[in-house]
Amino acid sequence: MITLIDYNAGNLTSVRRALDHLGIPSRITSDPETVRRADRIIFPGVGAAGAAMSVLRQRGLDSALKEAFAAGTPILGICIGCQIILDRSQEDDAECLGLLRGQAIRFSVTDPLLKIPHMGWNAVRVTRPHPLLAHLRPGDEFYFVHSYYPQPADASQIYAVSDYGGEFPAAIGKDNLFAVQFHAEKSGPLGLMVLENFSKW
Amino acid sequence: MLSKRIISCLDVRDGKLAKSVKFVDTRDIGDPVAKAREYYEQGLDELVFYDITASSEDRGILLDVVSRVAEQVFIPFSVGGGLRTVEDCSRVLLAGAEKVNLNSAAVKNPGLIAEASKTFGAQAVVLSMDVLKVPKSAAIPSGYEIVIHGGRTPTGLDALEWAKRGEGLGAGELVVNSIDADGTKAGYELTLTRMIAEAVGIPVIASGGGGKPEHLYDVLTEGKADAALVASMLHYGEYTVGEIKSYLAERGIKIRIQKDE
Numbered sequence: 083m084i085t086l087i088d089y090n091a092g093n094l095t096s097v098r099r100a101l102d103h104l105g106i107p108s109r110i111t112s113d114p115e116t117v118r119r120a121d122r123i124i125f126p127g128v129g130a131a132g133a134a135m136s137v138l139r140q141r142g143l144d145s146a147l148k149e150a151f152a153a154g155t156p157i158l159g160i161c162i163g164c165q166i167i168l169d170r171s172q173e174d175d176a177e178c179l180g181l182l183r184g185q186a187i188r189f190s191v192t193d194p195l196l197k198i199p200h201m202g203w204n205a206v207r208v209t210r211p212h213p214l215l216a217h218l219r220p221g222d223e224f225y226f227v228h229s230y231y232p233q234p235a236d237a238s239q240i241y242a243v244s245d246y247g248g249e250f251p252a253a254i255g256k257d258n259l260f261a262v263q264f265h266a267e268k269s270g271p272l273g274l275m276v277l278e279n280f281s282k283w
Numbered sequence: 074m075l076s077k078r079i080i081s082c083l084d085v086r087d088g089k090l091a092k093s094v095k096f097v098d099t100r101d102i103g104d105p106v107a108k109a110r111e112y113y114e115q116g117l118d119e120l121v122f123y124d125i126t127a128s129s130e131d132r133g134i135l136l137d138v139v140s141r142v143a144e145q146v147f148i149p150f151s152v153g154g155g156l157r158t159v160e161d162c163s164r165v166l167l168a169g170a171e172k173v174n175l176n177s178a179a180v181k182n183p184g185l186i187a188e189a190s191k192t193f194g195a196q197a198v199v200l201s202m203d204v205l206k207v208p209k210s211a212a213i214p215s216g217y218e219i220v221i222h223g224g225r226t227p228t229g230l231d232a233l234e235w236a237k238r239g240e241g242l243g244a245g246e247l248v249v250n251s252i253d254a255d256g257t258k259a260g261y262e263l264t265l266t267r268m269i270a271e272a273v274g275i276p277v278i279a280s281g282g283g284g285k286p287e288h289l290y291d292v293l294t295e296g297k298a299d300a301a302l303v304a305s306m307l308h309y310g311e312y313t314v315g316e317i318k319s320y321l322a323e324r325g326i327k328i329r330i331q332k333d334e
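Chains as they are written, first to last, in the working numbering: chain A, 83 to 283; chain B, 74 to 334.
Derived by calculation from the structure, the hints in this document are not laboratory data.
Every residue gets a Cβ at the ideal spot worked out from N, C-alpha and C, and that includes glycine.
Any given hint could be a false lead.
[What the hints assert, rightly or not] Distance ranges between label pairs, derived from CB positions: (1) A/Pro107 / B/Ala212: 53 to 63 Å; (2) B/Asp137 / A/Asn90: 21 to 31 Å; (3) B/Ser319 / A/Leu196: 22 to 32 Å; (4) A/Glu149 / B/Lys327: 35 to 45 Å; (5) B/Val159 / A/Leu196: 23 to 33 Å; (6) B/Glu160 / A/Gly248: 38 to 48 Å.
Chain A with its partners taken away, still in its complex shape (with noise of 0.2 Å):
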């Protein structure tokens, strides 16, 4: 049973449907309690950091998450769920979980033929070697939407990365945590792979 983290930052009926349809039982919850107890957890999202914060700290979400993520629950972040994991998001100057270090930062590209969000499909490079890109080849692409990226301080847990006016992380963790900034739930069958590799995680 996956968890999947209601904190109103959207697409979490996507992330959803995509495990009904791989047949990966989930439920969808606001409830601290839940999440500590959780076997599995899903922290999908869209929206801007400072917002999502807040609603994690209203609803008591960031201290279940800490304490699920030092409990070892294999956790899996999507989108800004790939950002608010570290310390600090340049979002709204917005104080973040900190379960990794580091920051998301705003992309600034000087071509002006390079748009802000970054949004479209764009191939991801697996760098380091990690179960939930397991079945990765080398050009394989996935769908972005994002005008920040995540910036964790120990290179070492930098795991893919894609270009835009620059290489930035794709992929990024820690011991049972996992983050992608690219949407696995709408990146066709590669990303339905790696909600599927996340549940055998």
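Dock chain B against chain A, hints included.
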């Protein structure tokens, strides 16, 4: 680098897939859910689902078709046709779409673009413009006018000005649909597409007139579009998504090729 996107537009009338020529003479050509799934499996990058009768006949969006598509198709998906309020938008997003396509309602109430953008984020708001070529005038200096209600009503709005205004109001993408080219399969309107793509900082999706893979090549290079919308080419089985993409990739266009698992 980002790939150029191939997007298919599923025009739906009474729950069935339809295709028009110059916006009239529509006929039913199948089940939109089955088509969406077929194109997804062929490696399509994105879908647009458009209720073509919604705005002229005052009908709501077919939410059940939207949610059935969303259960089977795991690529980004937008919905348009008859969305007049933020609540209308919210319903289609909850039914499984990532984005809303605003068209006639945005012309009548431009504040809707700003309100939707603030509520759902710019990435969820696509401004869809139906454009007709007209003689250049003081009111329409670009020579392209915005029309609404499926192409039946001229608005007096200059297409280039409207595109810039839409961006300023918070649209995250623009669909530029040439009514002159729609359904002709004679190629996209390159002059119009390029003019708008060069004037805005958000992605431009070219629509109307795609009949052969070289038309997509032309609009993605000379037309400066970020994405191309295809309908007839796919709906009548003349080409698969894979064939179009292979053609473009061989000619140096950065495009996502879906490999067999």
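*Run the structure past the numbered hints and jot down the numbers of the failing ones, going up.*
The structure breaks none of the hints.
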